[in-house]
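Novice: The primary structure of each chain is shown beneath.
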Amino acid sequence: MSLSRKIGMSFVAILLGSALVLGTAQAKDILLYGGNQDIDNIDPATGENYSINAALRSLYDALFIYRGEKIQPHLVASWSASDDAKVWTFNLKKNAVFHDGSPVTAEAVVYSYNRILEISGPPAWRWSGISDKNTAKALGSHKVQFTLTKPFAPFIGTLPQLFVVNPAIVEANRGDDFGQSYLRLHEAGSGPFTQGRWEIGNVYEFKATNNYWAGWTGKGHLEGFMWIIQRDAATQKNSLLAGETHIADTPAGSDKAEIAKTPGFRITEDVGFFTNTLKMNNQGKYTSNLNLRKAIAHAMNYDALPQVLDVKVTVLPGATPSNFLGYTKVAVPTYDLDKAKQYLAKTPWPNGGITLDYVYVTQFPREEIPGLILLEGLAKLNITLNMKPMLWPDMVASCGSPETGPDLINIYTLPPYLDPDAHLYNQYHSGQWGSFNSCSFYKHAEVDAKLDQARVIGDIDQRLALYADVQRQLAADQPSVWMYTEDSLMGFSQCVKGYLYSPMYPITVLFQDLWMENCN
Amino acid sequence: MHLQLGYFVKRLLLLVPLLVGLSLLTFSIARVVPGDPVGLAAGPQATPEIKEKLRQAFGLDQPLPLQYFNYVAGLFQGDWGESLYSRRSVANDLKTYFPATLELTLAAILFASVLGTVLGVFAALYRDQLPDHLSRIGVLFFVSFPQFWLAMIFQLVFGLLLRWFPIGKRFDILTPPPETITGLYTLDSLLVWDFQAFQVAVGHLFIPALVLSFGALASITRITRANMLEALDKDYVRMERALGLPEHLIIFKYVLRNAFIATLTVITLEFGWLMAGAVLVETIFDWPGLGLYAVESSLRLDFQPIMGITIIYGMVFSLVNIFTDLAYGLLDPRIRYD
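For the protein sequence lines, the chains are A and B, in the order given. Under numbering that gives the first Met the number 0, read the first sequence as residues 0 to 519, first letter to last. Under numbering that gives the first Met the number 0, read the second sequence as residues 0 to 337, first letter to last.
So that you can see chain A by itself, here it is in the shape it has in the complex (with noise of 0.2 Å):
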C-alpha cells in the first residue's frame, strides 16, 4: 500500500474512531442540561438572570426557597415580624454548614446582606432603598434581626435571592474588590452542589456534595448535573432526541410536537408570570389621552395571538396574571372596532390621521408580531403604526424619560418575587419611572399612595385590598396594553424525574429535587 493511502487510510480510521467513540460516553446520575444560556458570574452580590440563579440556587442556600408555587423557609427555622412590617427576625436552622465544614452562622447573613448592598450589583436593589448598614445584626450564633429603614411588606419575598456567603472564604480572597474577582469565578455556599469543571462559554459542571445537610426532597438525588450551553433551539432539541442531553430548557414552539411524539421524551408546559406588556407612553404627545389608550386597546386582536405565536400564550386578564398573588378580576378590552371608534371619536383626532411608533426588539418575532395585528386593527382606524425595531440596550435608554419614551413599546416582564408589589409597584409607581418596566409613565397620586401603603403594612388582606384597588384604577386608566403570559416549554428525557414547575423560575430546574431512573 502506499504512503498516501495509508495516510489516507488512517484519517479516515480516526474519524470513524471518533464517530463512535462519541455520543457513547454516559456516566450514572449526571444529568446533561442544555441550557440556552451562559452562566456568566456566580457571584450572589453581581448577578443575576435566570441562569445565574439556577447555578446559585445549586452553589448556595439561602433563607427562604422558591419551591413549586409555594415560597418555603430554607435556612431559616421560624422567624417573626413586627406589626407594621419594619423588624424581621429569623431563628438559622443549627445543622446548615458550608461545604468546608463550617456553620452557617447569623454572622455569615450579615455579612452576605452587607456585601450585597456595599458592591450594589443588580440584586441589591431590592433592600437598597429600605436598609443601611446598620439594618442587619446578629442577634446570636443562629439568629438575625434586621431592621428595615422604612415598612415593606414583602421582605420575605425578596429573601429566596440573599444566598448565604462563607465569610471565611470571602475575607481570604477579598482582594481590593471585596471578593467579587474571586466570587465571579469560585463559590463560596452551602448549596447541594459544589463546583466541578467549568469551561466558560461552554460547560460547567455541578458535583452533589456529600450528606447535604438539608437532605435531599426526591426518592434519589443527581449525582451531579453539567450546563451545557445550546444557545440554538434546533440544537437543543437535536441533542435531547440524540441522547446527549437529559433537558432542553427552551426548545422552540414548531418542536414541541416531535419531542413529545418520541418515545422516551416529553414536553412540559406550564402557564407563566412572564408577562409581555404594550406600554403607552402616558406622557407622550398623542397616548396621554386616555380615550386614545382605549381605542388602541380595542384595536387589538388578542383572539389572534395563541394561533400565530410560536409558544402557547395565555391572553392577560389584565395587568396580572390570573395565577398571581392578588390577581383581581377587572373588566379588559377585547377587540372590538366598534368600540375602538367611539373611543377615537372622542379624541381630538377623531378620524385617526396620527402616526404611532411600536417599538420592538429587533428579529424577535415574539414582539414585532403581535404589533403587526395591532398594525391591522389601527389601520381601521386610519392610525398609522410606524414597526421599529430596535436593538435591547437602546430601547431601555429610550425608557429613560418621558420624552424619549417611545408611544408603544413591547416589553416583557417577569416579577422578581412572589408578591403583588413585585408586578404592581414595578411597573405602576411613577417613583419608578427610568426603568424600562415603566416605560409607560404611569402617574396617578392615588395609586402610588395605595402602592406605598401596601408596603408597609403587615397584615396580607389589608394589602390585598389595596392591590385589589390599584388594579380596578388601572383597569380604568389603561396605561397599558396587557398582552400575554407566555407559557414555558421544557423537553425532558422521561428518566428524568422530580420536576416541579415553579412560575417565579418559568425556565430554571431545582436540581436538588431531580433524580434519573434508568438513564441510558
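Hints are computed from structural coordinates only; laboratory data are not their basis. Hints should not be assumed to be uniformly reliable.
[As the list claims (entries may be wrong)] Simulated crosslink set (DSSO-like; lysine-lysine; CA at most 27 Å straight-line):
no.	chain 1	residue 1	chain 2	residue 2
1	B	K50	A	K442
2	A	K136	B	K233
3	B	K233	A	K132
4	B	K52	A	K132
5	B	K50	A	K149
With the hints as your guide, set chain B onto chain A.
Specialist: Chain B alone, transformed into the frame defined by chain A:
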C-alpha cells in the same frame, strides 16, 4: 532574505498605528451609538444610585478622551478591561474563545483549500468535460445555500439520524478537554500524545469545519481553475511536454505552483471572511468561539469586549496579510519587497 526580514519588521511596525486607528474608530462608534448598557447591566429595577455607582466603577463617568487614554494605557499593561455584563476579564475571555474560532477557521480553510485546489485542478485538466461541470455545479450548490441551513441539515443527518458525529461542542461533555497548551484541542492532544483525545477533537471539529468551508470552496475552486487554464496555455508547459516530462510533474510542480499565487490571495481573503462569519456555524454547533462572543457583546453594547474583539480581528487580518506577502516570495523567488 535580508530584504524580506526588513520588509517583515516594517510591516509589523506599521501594525501599531493601524491598531491604534482601529481602536480609536471602534471606541468612537461604540460610544456614540445610542443605548444604555449600564442600565442593562445594572438590571431593570436598579436605582439611579446603583447605576451611577456602576458607571463610576467602569470609569464611564469620565470624559471620553480620558476613557480612551485609560483603555489604551491598560492595553499596554495587558489589561483589556472587564465585561460590563459578566464582570469577567476580557483578556481571559479572549484567551478562552479565540483558540476555538481559530481552530475552526483553520480547519475550514484547510478543507476549502485542499478540496478547492483539487477540484480546480481537475476542472482545468478536464475543461468542459464531465468532471469540470460536476465540480463547478457541486461547489455552486454548496455555496448557494445559507450556511445556517446547511449546518442544521448536516447536524440533523450526521448527528441525529446517522449518529456518526456529535450534535455540537468541541469535545466530549463528560471528559475534560486536553491540557491547554495552544488552546487548539487537536494540536494540544497531539502535543501530549493523547490520540484518543485527538480522535474526539477531530470528530467534533469535522462537520462544523466542513460546513464553514463551503463558503470559501467556490471561490478557491474557480480561481484555481482559471489560473490553471491560463498557466497550461503557457509556452514553458508546451516545452516541458515536448521534452517528455511526466505529466504529473508538469501539473503539480510547475503549473500549479504558478497558478497558486492567485489562489493563495483568495485563501487569505477567505480566511478572514470565514473567521468573521463563523458565528452562525458556532451557534448551531455550540462552538464556544469568538463569533458568538462578538455577537452577544454587540447586542449588549458591552464596550470592552467589543474593543478587544475588534483589535484581535484587526491583528489577525493584518498578520495573515503579512504572511501571505512573504509566502508569495517563497512561491515565486522573483517577488521581492524593498
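Novice: Next pair to validate is K52 (chain B) with K132 (chain A); report whether the Cα-Cα distance is within 27 Å.
Specialist: 17 Å, holds
Novice: Has the given pair, K233 (chain B) with K132 (chain A), been kept, meaning a C-alpha gap of at most 27 Å?
Specialist: Violated, because 86 Å separates the two Cα atoms, which is more than 27 Å.
Novice: Please verify whether K50 (chain B) and K442 (chain A) have alpha carbons no more than 27 Å apart.
Specialist: 23 Å, holds
Novice: Would you mind confirming whether the straight-line C-alpha gap from K136 (chain A) to K233 (chain B) stays at or under 27 Å?
Specialist: 91 Å, violated
Novice: Between K50 (chain B) and K149 (chain A), is the straight-line Cα distance small enough, at 27 Å or below?
Specialist: Given that 27 Å is the threshold and the Cα spacing comes to 22 Å, the pair holds.
Violated hints for the displayed structure, listed by number in ascending order: 2 and 3.
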